[in-house]
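J.: From first to last, the protein sequence lines are chains A and B.
All residue numbers for the first sequence refer to the numbering used here, where the first residue is 10 and numbers rise by one.
All residue numbers for the second sequence refer to the numbering used here, where the first residue is 10 and numbers rise by one.
Simulated from the structure, these hints should not be mistaken for lab results.
What you were told as hints is all true, and nothing was included just to trick you.
It does not matter which identical chain is meant; a pair holds if it fits inside one copy or across any two.
Cross-link-like lysine to any residue pairs, in silico, SDA-like; alpha carbons within 25 Å at most: (1) Lys94 x Glu166; (2) Lys94 x Gly232; (3) Lys342 x Glu177; (4) Lys342 x Val144; (5) Lys94 x Ala118; (6) Lys94 x Asp15; (7) Lys342 x Gly284; (8) Lys94 x Arg213; (9) Lys292 x Arg341; (10) Lys342 x Asp154; (11) Lys342 x Asp301; (12) Lys292 x Val340; (13) Lys292 x Val138; (14) Lys342 x Arg269; (15) Lys292 x Glu177; (16) Lys94 x Ala207; (17) Lys342 x Thr181; (18) Lys94 x Ala326; (19) Lys342 x Asp329; (20) Lys342 x Tyr182; (21) Lys292 x Leu319; (22) Lys292 x Ser324; (23) Lys94 x Leu205; (24) Lys342 x Gly356.
There are 2 protein chains.
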Amino acid sequence: MDVTFDGTVVRGGPAARERFYDARGYGRPDDGGVVLAPVEAAHLLFRGDLDSVADRRPGTDGRQLDFPAVLNSTAVSEVAFFVYKDLRDRGFYLSPVDRDGPGGAGEFAVYPRGQGPWDDEVAYRVRAVSERATVDAGALRGLADPVDDRARGSDREPTGVLAVVDEESELTYLELGVPTVSGSTHHDLPSVEGDLLADRVLVRDPPDPLYGRAFYGQPLDEGVQLSLVEAAHLARAGVLAVDGGAAGVIERGRAVEGDRFDRRLGAYGALRTAGIVPKTGFKFGADFRTYDDVVDVEDLGHSERLVRVLPPAHSFAPRDLALDVRLAHGVRKRMVYALSGADEGFGWLSVGRLTP
Amino acid sequence: MDVTFDGTVVRGGPAARERFYDARGYGRPDDGGVVLAPVEAAHLLFRGDLDSVADRRPGTDGRQLDFPAVLNSTAVSEVAFFVYKDLRDRGFYLSPVDRDGPGGAGEFAVYPRGQGPWDDEVAYRVRAVSERATVDAGALRGLADPVDDRARGSDREPTGVLAVVDEESELTYLELGVPTVSGSTHHDLPSVEGDLLADRVLVRDPPDPLYGRAFYGQPLDEGVQLSLVEAAHLARAGVLAVDGGAAGVIERGRAVEGDRFDRRLGAYGALRTAGIVPKTGFKFGADFRTYDDVVDVEDLGHSERLVRVLPPAHSFAPRDLALDVRLAHGVRKRMVYALSGADEGFGWLSVGRLTP
Numbered sequence: 010m011d012v013t014f015d016g017t018v019v020r021g022g023p024a025a026r027e028r029f030y031d032a033r034g035y036g037r038p039d040d041g042g043v044v045l046a047p048v049e050a051a052h053l054l055f056r057g058d059l060d061s062v063a064d065r066r067p068g069t070d071g072r073q074l075d076f077p078a079v080l081n082s083t084a085v086s087e088v089a090f091f092v093y094k095d096l097r098d099r100g101f102y103l104s105p106v107d108r109d110g111p112g113g114a115g116e117f118a119v120y121p122r123g124q125g126p127w128d129d130e131v132a133y134r135v136r137a138v139s140e141r142a143t144v145d146a147g148a149l150r151g152l153a154d155p156v157d158d159r160a161r162g163s164d165r166e167p168t169g170v171l172a173v174v175d176e177e178s179e180l181t182y183l184e185l186g187v188p189t190v191s192g193s194t195h196h197d198l199p200s201v202e203g204d205l206l207a208d209r210v211l212v213r214d215p216p217d218p219l220y221g222r223a224f225y226g227q228p229l230d231e232g233v234q235l236s237l238v239e240a241a242h243l244a245r246a247g248v249l250a251v252d253g254g255a256a257g258v259i260e261r262g263r264a265v266e267g268d269r270f271d272r273r274l275g276a277y278g279a280l281r282t283a284g285i286v287p288k289t290g291f292k293f294g295a296d297f298r299t300y301d302d303v304v305d306v307e308d309l310g311h312s313e314r315l316v317r318v319l320p321p322a323h324s325f326a327p328r329d330l331a332l333d334v335r336l337a338h339g340v341r342k343r344m345v346y347a348l349s350g351a352d353e354g355f356g357w358l359s360v361g362r363l364t365p
Numbered sequence: 010m011d012v013t014f015d016g017t018v019v020r021g022g023p024a025a026r027e028r029f030y031d032a033r034g035y036g037r038p039d040d041g042g043v044v045l046a047p048v049e050a051a052h053l054l055f056r057g058d059l060d061s062v063a064d065r066r067p068g069t070d071g072r073q074l075d076f077p078a079v080l081n082s083t084a085v086s087e088v089a090f091f092v093y094k095d096l097r098d099r100g101f102y103l104s105p106v107d108r109d110g111p112g113g114a115g116e117f118a119v120y121p122r123g124q125g126p127w128d129d130e131v132a133y134r135v136r137a138v139s140e141r142a143t144v145d146a147g148a149l150r151g152l153a154d155p156v157d158d159r160a161r162g163s164d165r166e167p168t169g170v171l172a173v174v175d176e177e178s179e180l181t182y183l184e185l186g187v188p189t190v191s192g193s194t195h196h197d198l199p200s201v202e203g204d205l206l207a208d209r210v211l212v213r214d215p216p217d218p219l220y221g222r223a224f225y226g227q228p229l230d231e232g233v234q235l236s237l238v239e240a241a242h243l244a245r246a247g248v249l250a251v252d253g254g255a256a257g258v259i260e261r262g263r264a265v266e267g268d269r270f271d272r273r274l275g276a277y278g279a280l281r282t283a284g285i286v287p288k289t290g291f292k293f294g295a296d297f298r299t300y301d302d303v304v305d306v307e308d309l310g311h312s313e314r315l316v317r318v319l320p321p322a323h324s325f326a327p328r329d330l331a332l333d334v335r336l337a338h339g340v341r342k343r344m345v346y347a348l349s350g351a352d353e354g355f356g357w358l359s360v361g362r363l364t365p
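Chain A extracted, bound-state conformation (with noise of 0.2 Å):
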């Protein structure tokens, strides 16, 4: 079968159109043809079904590229097509978004089994990383919250998902989403009096509803002491007198964890708005775990979320997302990041494992 690469793109006539786009969605049709993405070339290759593609690259002579061969030029990241045959693997048609652009681009569309490229629905937005790459928390949550540009007239939405490839080509799914900040804790409170400390705030003689509705600090003897960030929130809401007011208790927190409380403390402050209780998450190595719906701390239910709060610009390492989504699976909670906007409060990100 007589298939050439341009340097861009891979073109085929009418009998490979129907070999292989018709018959089974690689590709998109063109001029009674077919025009295949190196990518999607590779795949045919590797599995047998192309013996060779024609390089018509400037100066190759028309020269037979081999599977090897194209896996190892440029035209194909080793990361896009591992990603590219797995999804394959597992019985799913795609497409590379951007087939015509530079080769590589890394992020696919994937079809509903059952459907492919001449359907209407996409179920996945894949975008293919290395384990070694850095990725942008803005740009997972442009995937995970797609502007309709990207719509393909279905009324679903495509799930964003993060395919990570690890050093031995194994592959993880993280599934990206935009979760719903919303609970039902709202507690009216008397005001309260209390001291501050070096890392805490302690309430001598707290009302009842302080912790055991509103689920604010921790018994100590008699008292209840406040973490700073929830005595920062309290003082700012004008429930907790304290020598200094927020101000005196937000420059203590500043003092032992610097710009990060700021960044807590708003983190926590939108949590509390939205009904949600948020307490620490030190024992997942998160910034807290949270609660939904508390009425009574006697009757406290499992913690639903872990929240990690990042800061503005942040890059994830995808090491460091598998750890905490795992970490989360494990303990049948949902890991959600905060990520601080400019102005606008925080954008958040939900990162889940996902098997296709």
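Could you slot chain B onto chain A? The hints should help.
T.: Frame of chain A, contents of chain B only:
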């Protein structure tokens, strides 16, 4: 009861000695009386066993200090107090290691339950830190493997423990150890040839034991693909022939992950030399998962360890330790850190969960 604080320690007479040291293991005997560390005095105040302590620091006129005054002073760190209190609550007697030094050093000798400072045995050597502190990896290894000026004449060496106080004053105990790093996986391998691709080496005609017994690489079609770290190790061992040799593979490794490649290759080689098979730990957020005794890949057991390779002079954030240890526990593996040494190879440090 008349006890006084001189700025370093709290002193009491024979009645205080009898009541606090003889009966309940607080302090050390001194000239018929007792010397208490500030954290011990704080605990007695907290429990109501002492009403107050007379402040004899210069310029204080002997005013009486109550529990909040002591906790809010620089003589006692909140972190040390919460650890001291928690271990007492769990039924242990314990002593600050440096009772007469500046307050709040935060290291404790914890006696076996039912024993105390008048016995010879120490069960745990506990270092108390805030979740906001950073903890030097080398210092943790020192705590895991004490040089014997710390021994108290007992046959049993105390277990090193890091006690982390989180922002809500909850305690997480981490057990430190020096693991035995030794397995039984040694297989003779014939020489093989491979092609260096962008981020792996492809062996097209692999001998069966390469993957099947020694567990190098992953099958890809008829061949075996090796990760760069596996390939560099095999090339250095003279097993793998590849264009550019070991140096070429290492150069590629450095190009994709910098210095970290050299560290990982060093730890990989140390593990293989010890008869242990390291494979990628990506899905667990670690550098490697390891198998001690591989005879046949078809009959592979559970991997025993997760290994994270650390750069020289690494400091941990306690939150990261909590995350690693929690994850490892959840997947029934031991968390092991490989500490890059100056030139004598790696120091090994294991960290696990502990409930004292």
